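Given chain S, put chain D in place with the hints provided.
If you read the protein sequences in the order shown, they are chains S and D.
When you read off a place in the first sequence, starting at 1, and then add 23, the result is the number in my numbering.
When you read off a place in the second sequence, starting at 1, and then add 3, the result is the number in my numbering.
These are calculated hints, taken from the structure and not from any lab test.
Take these hints with a grain of salt, some might be off.
Anything over 12 angstroms on all C-beta distances counts as not near chain D; from chain S, calculated [unchecked claim]:
#1 72
#2 125
#3 163
#4 211
Sample of chain S residues at the chain D side, in silico, Cβ under 10 angstroms [what the hints assert, rightly or not]:
#5 103
#6 104
#7 105
#8 161
#9 185
#10 186
#11 187
#12 189
Label pairs and their computed distance ranges (CB to CB) [as the list claims (entries may be wrong)]:
#13 76(S) / 111(D): 47 to 55 angstroms
#14 133(D) / 285(S): 54 to 62 angstroms
#15 116(S) / 35(D): 54 to 62 angstroms
#16 201(S) / 133(D): 30 to 38 angstroms
#17 35(D) / 253(S): 57 to 65 angstroms
#18 111(D) / 173(S): 54 to 62 angstroms
#19 143(S) / 122(D): 29 to 37 angstroms
All values derive from a computational prediction rather than experimental measurement.
Note that the Cβ used here is the ideal one computed from N, Cα and C, for glycine as well.
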Amino acid sequence: MRLASLQSRIVVFFLVLLAVVQGVALLLLHHANERNARANIRQELDVGERVFRRLTEQNTARLTQAVEILSLDFAFRQAVATRDLATIQSVLLNHGARIQADKMALLSLNRQVIADTSDPRLAGRAFAYPALLEVAERDGRASGIVMQGGRAYQVAVVPVLAPTPIAWALFGIVIDERLARDLRNVSALEVSFFGRSGSAPWAPLSGTVSAALQEALAGALVEPARALLEVGSHEALAIPLDTYGDAKVVAVLARSIDEALAPFRQLSTLLIALVGGSLAACVVGSIFIARSVARPLSALSEMTRRIEQGNYAEPVDVAGPSEVGELARRFNVMREAIAAREEQVRKLAYRDPLSDLPNRTLYNDRLRMAIEAAKRSSAELTVLVMDLDRFKNINDTLGHRIGDDVLRQVASRISDLVRKSDTTARLGGDEFAVLLINAGVDEARAVAAKIAASLEVPITVGQHSLDVGASIGIAAFPLHGEDAETLMRRADAAMYAAKRANAGVAVYEPRTHELREEQLSLLSELRRALDAHELRLFFQPKVSLGRGDITGVEALVRWAHPTKGMITPERFIPFAEQTGFIRTISTWVIDAAARQAAKWRDAGRPLKVSLNISVHDLQNPQLVDLLLGALERHDLPAALLCLEITESGVMQDAAHAIELLRRLHALGVGCAIDDFGTGYSSLAYIKQLRVDELKIDRSFIRNLVTDAKDRAIVLSTIDLAHNLSLGVVAEGVEDQASADLLRELGCDEMQGYLVAKPLEPAALETWLATRPASRLLSS
Amino acid sequence: MNRPFVLAMLSTLSVAGVAADLHAVVRSDKGEPVRDAVVVAVPEAPVAKPGRAPKLEQVEQIGEEFVPKVKAILVGSPVSFPNRDSVRHHVYSFSPPKRFDLPLYVGTPAKPVVFDKPGVVVLGCNIHDWMIGYIYVSESPYYATTGADGEVTISGIPAGDYTVRVWHPQLADVVEDTRRKLEANESADMLWRVALKPEVRIRRAPSATRRGPY
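Only chain S is shown next, with the shape it has when bound in the complex (with noise of 0.2 angstroms):
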């Protein structure tokens, strides 16, 4: 609608313009045509009176010449002479013939007519028009008009000599149609002649012009003198004759306005049809520029709706003015970098960059999607999860330039397995994911079969010839969910099954892993913990049982999550171990009792930090590397830390953990035995140990005062620590009654909530600080 605005404005705009400048100039043109015109027309007039005078005077030179020539005729002289009246008859006739004079006289001397061939009746009488004689004698020759019965004669009057005048002799010829018609062929000029007698109304005599014409012109004369007369459509000039006599003769020239002005209409006329073509050239021209501007706009506007919807595949086709090409151009160009980089950024939205399979999002989206159809054509479809094996060895131990090389291999050996109708994604890490469109559980364990055994064989990258392996979850759909997330997490269960079951290929079973959906849920959420910083330390001192000093406090994991509290780390640990996530809460717990620990330290407070070590952290083979990047990082002494391994994660793997303890006891990093007495321990291995502490678990401290056995436990385990140089820490001590008697029984330190419960450092701080010193000791 703008567009189509700009097209008018530009058209009304040159529009108005041209008719604007045209108009004027028209009008300009106009007045001075008129001006011209009438000009034209005076002058015309003018020179039209000089041709009808030069016109007269030729006449009546022609006339004189002829009644001079009859003057000196010698018979005629001598017919006049003798009065031979028939004679002088015939010759003035002869004479006036080749002149075709009108009006042949002879006179006398006393001014009377011998003779006249206008009119018979007047010889005999006395002239009328003296005064024409009077000017003859005076002059020789005389000229003039004079009226006779209606009609007007130019005559010329010459006396007959022989040799001195015995006569005069007059021809004249009536004023008429000749004399208008001469002036009319040489000037373009309308005559007509007037007469009147005395007062008389002017009476047309002869001319050119329509008798309504004549009547007008009549009726505009006034006085017999020169005068302009504007008459209808004409512009007339009234000439006085010279008239003898009482009557009075005008001749009026007369132009037609219209006439003088049709050379100038015509070009008028023709200007406005050159002003009417140049405003139909105007219109089409501006249409044309208009269009040429506005159409490519309107294809560029088109262009960018569609790109808007998100179609970019169509180019702006315009070929307008340079500026609006280039234009176009440009638009094209940012067009095409518009597509390029949404294909990108669709690429790293949906594709996985390192193996170029779709990533977990497209693959969900697909899910979702494969679902709707199944369901509206009653259909089944199967997911499969599955996880390489032995993947962090090789990327921990290879790097990841390899580990990425073993991915693209799995994910091209993956898709190889696979038809194309159905999805491979590569989820993350080392975890991928297949959907089958179609299948049911049989052909998915059929396909999860044969990926499972290309996996086996092992991947070659440069010289290594790696072994990852994989273990697959299969869940489908309608029978093990009904909707994506269930679907994925079910196979994720299943999948974890078969890792556990060391089986390569599992199917979902509702009963069995159940639970396990529950804790990876709380895995994922464990997850975002982590960066949301909801893990905290929590930090429970022990004291001496016999001074009653604080000798160390144990950190201990809390999860503060945002629905469910504080979680405890008993609740989240275990599957955190399980999926080796652990390995990533071991690394945070490291730091922040280092940091925590260093804090303390620069206060002028230290306190060494026991930290709890799980059995994967003790495969770990960073684990010294984070121990000391933590103490170098916080600049803490090694024998400010502390670190606890449980009994039975000693026995899992007891000449890795021997081996372990010796290095980080070169370090000067301190180790206790957690959970004593749990964990079966062979006291072969035991002795191997290089740890400063037994802490005897909280199952026999809890009964301690009333149940022998565990006090027995309890005394040997002492006695037993006591005689390989080791502290014992009784941990879950909640009443004074237990730990005065394992004051007794020589116990060394305790810890539990007769003590304080596990606190954060700041009420750790206060607690310290509000103490009585020796509140324990005085039981």
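Coordinates of chain D only, in the frame set by chain S:
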């Protein structure tokens, strides 16, 4: 009206002899002498012994002009018109006292023209329109033509009563006759003041004969 003013003066001088003389002076109304004026004394009673008899007169054509321009002759006199020019002339007259024409001739026409009636005869030439000449045919033998001084004397007029007339080609009006008694031996002086018209003449054509003697 410019009436001619005639003044007759009687001379106190007595001249011996029977005849009288008439000394005529003709002046224009502006006082200028009038040449070629013809003065005629016509006796009222027949004169016994006229002063002269008709004789051959001549009017020449010289340089395409009549010479003299005005010629007074006694009635009955023959006049020859000798052509002194190398071109031909065609002398004519349509005047009532004598109509004649002498068609194209050179030299002197063989036959003189006899002017047998008194009156003024205007001469023209049909070839040369400007040529005008006058022959005054007098009934009385006592006539003369004034010279360049406008004066002339008529001698030998017998005493007696006379009617004296003056004529000139350009007279505006007819001059009234003057009655005069001439005594023997009288020398009468007469003066006329006359009004003259401009001469109406056709312009001369350039003349071959006047081109000079190459």
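For each hint, the structure was consulted:
1. With a minimum CB-CB distance of about 31 angstroms to chain D, residue 72(S) clears the 12 angstroms threshold, and the non-interface call stands.
2. For residue 125(S), the condition that its CB be more than 12 angstroms from all CB atoms of chain D holds, with the nearest at approximately 27 angstroms.
3. Under the 12 angstroms C-beta cut-off, the non-interface status given to residue 163(S) relative to chain D is violated; the minimum distance is some 6 angstroms.
4. Here residue 211(S) stays apart from chain D, with its beta-carbon at least about 40 angstroms from theirs, past the 12 angstroms limit.
5. Hint status for residue 103(S) relative to chain D: holds, with the closest Cβ pair at about 8 angstroms, below 10 angstroms.
6. Look at residue 104(S): its Cβ gets to within about 3 angstroms of chain D, closer than 10 angstroms, so that hint holds up.
7. Checking residue 105(S) against chain D: minimum C-beta separation of about 7 angstroms stays under 10 angstroms; hint holds.
8. At its closest, the beta carbon of residue 161(S) sits 9 angstroms from a beta carbon of chain D; the interface hint therefore holds under the 10 angstroms criterion.
9. With a least beta-carbon distance of about 5 angstroms to chain D, the hint placing residue 185(S) at the interface is held under the 10 angstroms criterion.
10. With its C-beta approaching chain D no nearer than about 3 angstroms, residue 186(S) sits inside the 10 angstroms limit, and its interface hint holds.
11. Checking residue 187(S) against chain D: minimum C-beta separation of about 5 angstroms stays under 10 angstroms; hint holds.
12. At about 7 angstroms, the closest approach between the beta carbon of residue 189(S) and any beta carbon in chain D falls short of 10 angstroms, and the interface hint on this residue holds.
13. For residue 76(S) paired with residue 111(D), a C-beta distance near 52 angstroms keeps the hint of 47 to 55 angstroms intact.
14. With their beta carbons about 56 angstroms apart, residue 133(D) and residue 285(S) fall inside the hinted range of 54 to 62 angstroms.
15. Between residue 116(S) and residue 35(D), the C-beta spacing of about 46 angstroms breaks the proposed range 54 to 62 angstroms.
16. For the hinted restraint 30 to 38 angstroms between residue 201(S) and residue 133(D), the CB-CB distance of approximately 35 angstroms keeps it satisfied.
17. Taking the beta carbon of each, residue 35(D) and residue 253(S) are about 59 angstroms apart, inside 57 to 65 angstroms as hinted.
18. Judged by the Cβ atoms, the range 54 to 62 angstroms given for residue 111(D) and residue 173(S) holds: they are separated by roughly 58 angstroms.
19. In this structure the hint that residue 143(S) and residue 122(D) lie 29 to 37 angstroms apart at CB holds, the actual value being about 32 angstroms.
Checked against the numbered hints given earlier, this structure breaks hints 3 and 15; the rest are met.
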